[in-house]
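Undergrad: With chain C held as given, fit chain P onto it using these hints.
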Amino acid sequence: MYETSDLRKNLKILLDDDPYIVIESQFVKPGKGVAFTRTKLRNMLTGNVINRTFRSGEKIGRADLQEQRLQFLYADDMYHFMNTETYDQLEISEDFLDDDRLYLTETLEVDILFFNMKPIGITLPIFIEGEVTETEPGIKGDTAQGATKPAKISSGAKVMVPLFVNEGDWIKVDTRSREYIERVKR
Amino acid sequence: MNLLGRRHTLLKAIRSFLDDLGYVEVETPCLVPATVPETHIDLFEVKDGLLLAASPEPHMKRLLAGGCERIYQITRAFRAGERGRWHNPEFTILEWYRAGAGHLDLMEETEALLTVLCAAAQREAPPIVRMTVDDAFERWAGWKPSRAWDEERFMRDMVERVEPRLAGLGSVFLHDYPAAAASLARLSPANPEVCERFELYVDGIEIANAFSELTDPAEQRRRLDEANEKREAQGRPAYPVDKPFIEALEDGLPPCAGIAIGVDRLVAVLLDLDGIDEAMAFPWPGR
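Chains as they are written, first to last, in the working numbering: chain C, 1 to 186; chain P, 1 to 287.
Any given hint could be a false lead.
With the Cβ distance kept under 10 Å, some of the chain C side facing chain P (calculated, not the full set) [what the hints assert, rightly or not]:
(1) Ser25
(2) Gly31
(3) Phe36
(4) Thr37
(5) Arg38
(6) Asn43
(7) Gly47
(8) Asn51
(9) Ser56
(10) Gly57
(11) Lys59
Derived DMTMM-like pairs (lysine to aspartate or glutamate); straight-line CA-CA distance at most 25 Å [to be verified]:
(12) C/Lys59 / P/Asp157
(13) C/Lys59 / P/Glu232
(14) C/Lys32 / P/Asp20
To be clear, the hints were calculated from the coordinates, so they are not data collected in a lab.
For glycine and all other residues, C-beta sits at the position ideal for the given N, C-alpha and C.
One chain only, chain C, in its complex shape (with noise of 0.2 Å):
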């Protein structure tokens, strides 16, 4: 169990059966009073948000959850994801994976993410390397700065791309910001 003092920003709870994330907390303590945490939390299955204040000397559950690093293999109508160490395997729907699954290429390793051994959430490296299957050709010696134009990775995703990048290049994706960094070489 957890203390109301524990409660700091991305702490994992379990709240009426549910799995919260802690998104913002703050002590506060009236007057002569007693001691609470005022808490923003994310329902880990729903997304709602929530406010919920805890008294001073609350317990808190621990939300059972774990994270295991799988490997992508193949996609037909589901996604199918292994252990390298267990050889287990995993299914998951295009649904659950969302705009994620326009960034899984061969071989790639995701953290996903179980809650009492059910998958709710993925995170994808911060970095992922794709090559252009779709493009305008590039303007040679275009020099305008900043301008881009819009191209498709072998793993589906769109991504804006500078005018010099074309179809064949491999280059380097940011899956937070789903921006291009740079051209890489393969």
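TA: The following block gives chain P in isolation, referenced to the frame of chain C:
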């Protein structure tokens, strides 16, 4: 000017304001063998049973009983486990006491001090709204605490419903606390359901707590024992009661009023800082 310089300006203004009213600056111990126990204030215990004082209040009242009429002090106070945006376990406290005065006199002095400090901080001093605890709770929480006391509900509603609304009102004197939340305040002779206690809130932050002081030694002793009993019932240590303080009341504490102000908070609020940490040079690590 940097923050420490601006803090210094405010501290100078506080001292000069009280000096001009004839208050004498005094010093009392931080390291003490006994205290006035409060249910919800935990103390630091150091070697040999000594405690770090949570407030200079008992010693300052002993000075009043000894004949001092107007005294103030700016010192350090220590409260274990209190750490947050507006709390630091070691903080600077301003207290002043005036013999022959009541809490309404201190309300006037506090308002005057705030005006002076706002000028020193080069900000506007809005008029201070006065509101009773019952009115505030009736408006925002739907009940009157003085009529049907429920400590748990009072504290939770204070934090969740009342204090957030006070933030929109600028400066507020919240007064006439329920008798059950009297602490060291005298009950109101006109209405013993409430006590002569007020708090000052600025932008929703609690800045000051003031009382017409309780001078009855038997009642005082009863409240302190009750606080210790509540502490023990919650599995927290009881603290030795400051006997010379009780004896001072027995010898005769004149009618008086006193106020305590969190100086770091006051500085932070007047300078529009984001919390207490920015108002002090060395806040505790980790918040």
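Undergrad: Hint by hint, work out which the structure violates, then give me just those numbers in ascending order.
TA: Of the numbered hints, 6, 7, 11 and 14 do not hold.
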